[in-house]
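Could you put the whole structure together from the sequences, leaning on the hints where they help?
In the order they appear, the protein sequences are chains A, B and C.
According to our numbering, the first sequence is numbered sequentially starting from 28.
According to our numbering, the second sequence is numbered sequentially starting from 28.
According to our numbering, the third sequence is numbered sequentially starting from 28.
Where hints are given, some of them may not hold.
[What the hints assert, rightly or not] Facing chain B, from chain A, some residues (calculated, C-beta under 7 Å):
no. : residue
1   : PHE78
2   : TYR221
3   : ASP361
[What the hints assert, rightly or not] Residues of chain B placed beyond 10 Å of chain A at every Cβ, according to the derived structure:
no. : residue
4   : GLU179
5   : ALA248
6   : GLY303
Worth flagging that the hints you see were computed from the coordinates, not collected in a lab.
For every residue, glycine included, the Cβ atom is placed at its ideal position computed from N, Cα and C.
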Amino acid sequence: MSKTSPGNFFEDFRLGQLIQHATPRTITAGDVALYTALYGPRFAVQSSDEFARAIGYPRAPVDDLLVFHVVFGKTVPDVSLNAVANLGYAECRFLKPVYPGDTLSASSEVIGLKENSNRKTGIVYVRSRGRNQHRQDVLEYVRWVMVRKRDEAAPAPAEQVPQLSDAVEAATLGGACPILNTAAYDYALAGAPYRLHDYKPGERIDHIDGMTVEEAEHQLATRLYQNTARVHFNLFSEAQGRFGKRLIYGGHAISLARALSFNGLANAFQVAAINGGRHVAPLFAGATVFAWSQVVARAELPGREDVGALRLRTFATTDRTCADFPGPTGQDYDPAVILDLDYWALIPR
Amino acid sequence: MSKTSPGNFFEDFRLGQLIQHATPRTITAGDVALYTALYGPRFAVQSSDEFARAIGYPRAPVDDLLVFHVVFGKTVPDVSLNAVANLGYAECRFLKPVYPGDTLSASSEVIGLKENSNRKTGIVYVRSRGRNQHRQDVLEYVRWVMVRKRDEAAPAPAEQVPQLSDAVEAATLGGACPILNTAAYDYALAGAPYRLHDYKPGERIDHIDGMTVEEAEHQLATRLYQNTARVHFNLFSEAQGRFGKRLIYGGHAISLARALSFNGLANAFQVAAINGGRHVAPLFAGATVFAWSQVVARAELPGREDVGALRLRTFATTDRTCADFPGPTGQDYDPAVILDLDYWALIPR
Amino acid sequence: MSKTSPGNFFEDFRLGQLIQHATPRTITAGDVALYTALYGPRFAVQSSDEFARAIGYPRAPVDDLLVFHVVFGKTVPDVSLNAVANLGYAECRFLKPVYPGDTLSASSEVIGLKENSNRKTGIVYVRSRGRNQHRQDVLEYVRWVMVRKRDEAAPAPAEQVPQLSDAVEAATLGGACPILNTAAYDYALAGAPYRLHDYKPGERIDHIDGMTVEEAEHQLATRLYQNTARVHFNLFSEAQGRFGKRLIYGGHAISLARALSFNGLANAFQVAAINGGRHVAPLFAGATVFAWSQVVARAELPGREDVGALRLRTFATTDRTCADFPGPTGQDYDPAVILDLDYWALIPR
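Laid out in structure tokens, this is it:
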């Protein structure tokens, strides 16, 4: 029998199955520096130990999206190595802060299965969890992917599609953010004066700047996350594939859009939850990514005087500026849109 | 009102204005590793904790140019986002050593303003300072840039051009270098036997090696420095711009030239001051950078038996070796020259 | 006299000569993160401090090949700057574990010299050693390179070719691996259930995945190792050279093949020795690297109940999958093969 794993196919998953993913990972200051070099984030809390300490963190926490990517990467060899498409995310919550030196591992539970009518593929729903060395969950999220069957004739499991929330409830946010002394939050150092109540639902913000993506960059990023999806790395096979070229990890687009969003959202320092996300179109090297955000909602958090939450919908485009806020157009999207991300960010009150 | 900052235009600056720049930054071993990967420096003091400790540092200090780039990067969103050209540096001094774990922030004072006769642009002179978490200045320098006006009709401020030194006085050098036990300085490990008095004013040194620059490399570098100048990252806009392509951050050329200069200046381990620097021509990806240096002067430092200073003029070229020392030719430069950097380096006596 | 070193030529070497190489290097978590980003290794022992501690390491050790590359890099300016070809490795043993914070330096002894009949080049054999800050050897290996003569007329040294072992004796392996508590080794976290006795001599394993190499990636890697061989960095000179382009450092191919080999060898967590290695063909950017391994032998180690050793022969190819195990064909190799590496890896019993 082969010692090489080809990954799971649709018929390999069972409802309720719990998968412990391989390769625990200690996050270090080296990972943080690479994350900065890859995306150029400028949020003061994650950039400066001093800034973080002044407001009540023991030191600068690791960027939430770096945590997400590391946990996500671990799930790939078991969940999505034979995926045709990554269909969506939901119910993603950041539960505990992560600091350099923490070690993350990941597990997934199969919470839904649905064969497609062509019997060649099926949809797998998993709830994945990232856990630290103290066995505390730091992150959980639901993801669903369309996975190939090994054998079209394999019997289909009973269809089960999980009920998923449209949005994480604001009242459950904030676990990854200690109670902060926001009196010590220096708005000049943070880069802008705007707080929770300066943002109005419906408000639209063009983040202006654009960032061109290179092959070496997304490969470095995706390997840093120990994500093994071959579409990101293997030009030889992808040249013969659907796109004729390497497809960039969707999370790379999310991190680029988030880093660009500093210009306009400088104090929205923590991603507290991801309500949903859709990779509207693929991203390829050579494209320049732009982003804009709409404020969807504003929430106070029970028992917290320090921070509140903004529900944001951030759109990323390629090779198109966002001054006129390109987004959904009826059932479809402006053709330049590649990402539609709905998330909650914490911001001082 | 928009929450997005478009950066300052010429008419936004006021003489004497003090700007606190955003995003303090804790420098880590991760940044140091990236700096090594980006340029390949081989100076033993910055490369080895053991070597540094043996001669009297608490541990290996952070490369001076990494400190410079991080401080410089912070000034960009406020000072040069609307710059047409980075015209020069002067009076740059490294004042305290920086170690991994230190947090840097930056501020700038507007020390000069001069509208250009076309009324479309003006020159802004700033003295920028980098400061550590103990509120000690680690770096200061003057920079002047040509900045666009938002509105040609905006009234010009009173013209004020600061008097700047041609060179930093040798007697003021050395703040960033503790008193060293140079008896413990191992010249074999350092890579060459040459000390202060082995170099003669007028001597010219070809650093021989060449380094080709890739787009991914300078983008990683410039994001690592949280420098947001769009010309470095945004192919979509630059394709329509002056050069038709991304322009590489000038500091990237400085760091390449400095790293190449190890071959010939192995013991000139610290950049103590930058007297002046001129980006003679732009640098683009695909070019191979070479460098040579001329010894301009040699100085002993008051009260210091351990180290002295070499005043060096380092020229970088693209796609041209430096065996015949291409440099200024009358009013102009050899067409391959991209950098003319005048700096002081410390070296054991 | 020039202060720039052009490197040693064949006639500069003397039998028995001991060379202390320049630039000691403190290995940090930053280097480890970059190594992960460059190759995507997933061996749990090197990835997780927690996993490593559970089985008896003080923390996660540095990847053996990162140690190799750093030591190798130091030897380049003295040994192979004027090399025409890197001919082989032998008797490479990893002797002590290396952890972030350790400082490595390197020295080489000339153990063989043989002028070629054309009198233009000669073969230099060196035994190189990497040493930590406690003056303990962490690595030793023999390398032989074909080096140009400066002057064809220079007299040839007496010919001396060292007797080298075909393979490191299994009984001498394991110095870089403390005695482990393998009862605490978690095979689910490690990624596969296979131990020493699950592998059979003769068994062949296709590692399936492919990795495309970019210029920026191998340049970052090779500078990280402070390797100064110009063929890797200098497009201007290489465009006029043998291949018309930059040649990738051979060690980059070794690390790619090793990282790919996780899929099939997940528990073969430490490279204990390299018996020999041949860069069968050059590697250039744009190529996609694949790999497969053959189990050559299996060995128990004297006095060790925890781990044994697998002797593996790993072949890397470019732009060709390895499902049919392309390798040697008589005197030659399949034209896609670029690497033939013979090494010992430790694996739990």
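Against the structure, the hints come out as follows:
The closest approach between the C-beta of PHE78 (chain A) and any C-beta of chain B is roughly 5 Å, which is under the 7 Å cut-off, so the hint is satisfied. For TYR221 (chain A), the suggested interface contact is upheld, since its CB lies about 5 Å from the closest CB of chain B, less than 7 Å. Of the supplied interface hints, the one on ASP361 (chain A) is violated, with its beta-carbon coming no nearer than about 16 Å to a beta-carbon of chain B, more than 7 Å. Its beta-carbon lying about 22 Å from the closest one in chain A, GLU179 (chain B) satisfies the requirement of being farther than 10 Å from that chain.
Not every Cβ of chain A is farther than 10 Å from the Cβ of ALA248 (chain B); the closest lies at roughly 7 Å, contradicting the non-interface assignment. The Cβ of GLY303 (chain B) sits about 29 Å from the closest Cβ of chain A, beyond the 10 Å cut-off, so the non-interface label holds.
Hints 3, 5 from the list above are not met by this structure, while the remaining hints are.
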